[in-house]
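Throw the hints in and build the complete structure from the sequences for me.
Going line by line, the protein sequences match chains G and V. In case it helps, our numbering puts the first sequence at residues 33 to 262. In case it helps, our numbering puts the second sequence at residues 33 to 262.
No lab work stands behind these hints: they were computed from the structure. Treat the hints loosely; a few may be bogus.
Part of the chain G face toward chain V, derived, beta carbon under 8 angstroms [unchecked claim]:
hint, residue
1, L134
2, M162
3, G166
4, P171
5, K194
Where chain G lies over chain V, by a calculated footprint (3+ residues, C-beta under 8 angstroms) [claimed, not checked]:
hint, region
6, 42 to 49
7, 53 to 63
8, 127 to 138
9, 181 to 195
List time: in silico EDC-like cross-link candidates among lysine to aspartate or glutamate, alpha-carbon distance up to 20 angstroms [to be verified]:
hint, chain 1, residue 1, chain 2, residue 2
10, V, K103, G, E71
11, V, K202, G, E177
12, G, K190, V, E177
13, G, K144, V, E174
14, G, K103, V, E189
15, V, K202, V, D246
16, V, K194, G, E189
17, G, K190, V, E189
18, G, K153, G, D123
19, G, K205, V, E177
20, G, K108, G, E71
21, V, K190, G, E189
22, V, K190, G, D196
23, V, K202, G, D196
24, G, K190, V, D246
C-beta atoms are modelled at their ideal positions from N, C-alpha and C, and glycine is treated no differently.
Number of protein chains: 2
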Amino acid sequence: MVNKVYGIGVGPGDYKLLTLKAVEILKKVDTIFVPISKEGKESYAYNIIKPILDENSKNIVKLLFPMSKNKEYLKKYWDEGFNKVINCDGDVAIITIGDPTLYSTFSYLWKKLKENNIDVKIINGIPSPMACAGLLNMPLVEGDENIAILPQGRDLEKIIDKFDTIVVMKTKKLGDILRNIPNLDDNYIIGIVSKGFCSDEYIQYGKLSEINFDEVNEYLSLAIIKRVRE
Amino acid sequence: MVNKVYGIGVGPGDYKLLTLKAVEILKKVDTIFVPISKEGKESYAYNIIKPILDENSKNIVKLLFPMSKNKEYLKKYWDEGFNKVINCDGDVAIITIGDPTLYSTFSYLWKKLKENNIDVKIINGIPSPMACAGLLNMPLVEGDENIAILPQGRDLEKIIDKFDTIVVMKTKKLGDILRNIPNLDDNYIIGIVSKGFCSDEYIQYGKLSEINFDEVNEYLSLAIIKRVRE
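Okay, structure coming up:
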């Protein structure tokens, strides 16, 4: 049976954004579990860590987590993943894009491992909101500012006046939502990163009226909406 | 005059949480600027990176940023820091605890460097909310949950019912604020990390009534308040 499970964040896409600790543990564990969203598809998280692994030196096992919001349907895959993990010998790592504590596919396994008293240790990675702010060369928050992070921009119009910065994790329909908020063009700067850290990375920065929402990839896009202070 | 300025996040306290990229750049720049809050005081950020630097191999320069909310008073120190940085030759790094995009002392210099068209590149570090969630062995958010990060807990009572998770960055008065919010004890779990990653790290996790707020160090404490779902 498994000894220790490391939930490792591999950051937004460049292996150089792995921490020293993540590299150390990835090199020493007996098995590395890598998430895929479809049978036969490559694992984005695995592609990130490949440069630091010795060829053929590791037991790499895929975990299939389909893209779906249906928890009943997904439960079967989480249970399968859980069984694969606990039946390993020694120490194992489960890798996840970004950071394990922020919207990671690892959350579901994590919960089940804890419920079953398995020893889990989190190794943080660079989260996407901070990585995108870095690419955009803009701070998320400073001083006494506050910030909200919303998946898909749900309820954005209800809270925008209460926050200095809002991060929207997937930007589908974001253009429509923002165009319905009064005075946004004058008071906010928007930064959008699509496919950040990929070869076809696409970065936009400006007022609402300057952003081209047609060019925004909805799944791998992240928006930072920041109130202009003076 | 300075060539390139790297704003480098050194993470929450363990040098092993530095990224490979941060280490690479810290080893190659000509000068490293380290923040201190008081003349004669040690730099916490510098202590983090010391293990990866060769003894005496670097030009280490202190930047004094006193703890104050008075922007007029601080402006003198920011201007001094700015002048020190731009008058360096070659590439320089300015280090900051956690991540440069999230409440960092680097923000003020960053703004001024950009205004003066200096080439700034951000190297992300592990931010404290994610690091503390990792220590607490709890996710910040998963699935369609949303999250707010508040300095000092300002307006917490106004937004708590709109968020699944709230992070409070400094926990002074947090106990008083939370005890005035109805039904909090039944519906929320609270994790508090004081002096995380230090030798006297102190971690609490439980319902409101189980937390001892007297034991919480106000400056170096971070709280995660999470709605219990079922």
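* To do: Tell me, in ascending order, the numbers of any earlier hints that this structure violates.
  => 10, 14, 24
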